[in-house]
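The primary structure of each chain is shown beneath.
Number of protein chains: 2
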Amino acid sequence: MSENQNPVQASANPRQAEYPIDPIYLERWSPRSYQGDKPVTDADLFGVLEAARWAPSANNGQPWRFIVARTPEDRAVFHGFINPSNLVWCQHAPVLLLLLSKTTFEANGHPNRKHAFDAGTAWGYLALEAARKGLSSHAMGGFDAEKAREALGISDDYEPQVVISLGYRGAIEQLPEGLQLREVPSPRKPLAETVIEGHFPNR
Amino acid sequence: MSENQNPVQASANPRQAEYPIDPIYLERWSPRSYQGDKPVTDADLFGVLEAARWAPSANNGQPWRFIVARTPEDRAVFHGFINPSNLVWCQHAPVLLLLLSKTTFEANGHPNRKHAFDAGTAWGYLALEAARKGLSSHAMGGFDAEKAREALGISDDYEPQVVISLGYRGAIEQLPEGLQLREVPSPRKPLAETVIEGHFPNR
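Chains as they are written, first to last, in the numbering used here: chain G, 1 to 203; chain F, 1 to 203.
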């Protein structure tokens, strides 16, 4: 099972599973505090990207692409298109990734209706492996996709999906007060609200 | 790490990771053969849905919904909207799931631009936990979404994403010959083709 490298203590995690699952799904959440002075090792960075690599996708099209920013110069470019409300905390993340999806199949140029869905699957794989390696990861939709396109030279057949911050978790005290209150694993709806038997809706 | 319940033998799996990761990502693939006479236990079915429950999502909106078909009657309804090329094998799966995404936020009714992406993340979580529990899972885009809408009474604010077959892996011999050849874990592009440093494209 999980290697228990995640810095979240079980006692601090209010999440409860309704059915038995690997603990990694409960242990993995989206912190905002980072140790800004601790670079992500190559083994950890490429390890989480390796996990994403093996995600399933429509016709095995693998439409995900990751643009990595891990130098001060590359991160500064990313900071230019991330919303201020996210930048306030993710500016301290040692690695930022832009996850793009290719909107057409490489094999035949046809539109890939599942490009966003498949990119989301790859993000799920990445997020779980990050937790397993003791890394925090946090996906953000709050960025200016058009600015990102321009700043990074992204062509029309790719769609920016999320910016992902990656790094080792830092002290909660470095966050603004409002965000300190939100620095806990988030809850979920009960299964009964998202799982439906037979037809829709029957509750 | 993984509990090694997956029926795929390591020797039969041609996948090789470039960087060390939990073996579950390599062990998990999308078989087409099922033991049609072996129902999925409640613990396994709700266990994989439980894993999906904990996926991260934009504003924790949790836009995924799963419609479960596990009786002959409910499966017959699903068979009515699945493409023949998929039905030829997935008709034997003891469980079929339709994964929907809610296209608006419940909190304020605003459009959720990340509904498909987030549903993909939930599918990634589900797929990995299925493998951990010794279940095969296979997502299909090949179905008639409009027929599914009509047959299951799906309202306009939900979008059908994929049909997922779930069950215990069966003998390869029960598949049509053409599909027997495809009953192996699929390869992936090298990381160098999907990971880019700094800006896009630089290879």
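Since the hints were made in silico from the structure, they are not lab data.
Hints should not be assumed to be uniformly reliable.
Any copy will do: because identical chains look the same in the list, a pair fits if it lies in one copy or spans two.
[Claimed, not checked] Taking lysine to aspartate or glutamate pairs in the EDC-like style, the calculated list, with each CA pair at most 20 Å apart, reads:
(1) K38 / E173
(2) K189 / D74
(3) K189 / D157
(4) K147 / E197
(5) K147 / E183
(6) K102 / E193
(7) K102 / E18
Each hint tested on the structure:
| no. | hint | in the structure |
| --- | --- | --- |
| 1 | K38 / E173 | within (17 Å within a copy, 53 Å between copies) |
| 2 | K189 / D74 | neither (38 Å within a copy, 25 Å between copies) |
| 3 | K189 / D157 | between (35 Å within a copy, 19 Å between copies) |
| 4 | K147 / E197 | between (43 Å within a copy, 18 Å between copies) |
| 5 | K147 / E183 | neither (29 Å within a copy, 43 Å between copies) |
| 6 | K102 / E193 | between (32 Å within a copy, 12 Å between copies) |
| 7 | K102 / E18 | neither (36 Å within a copy, 23 Å between copies) |
Going through the hint list in order, the structure does not satisfy hints 2, 5 and 7.
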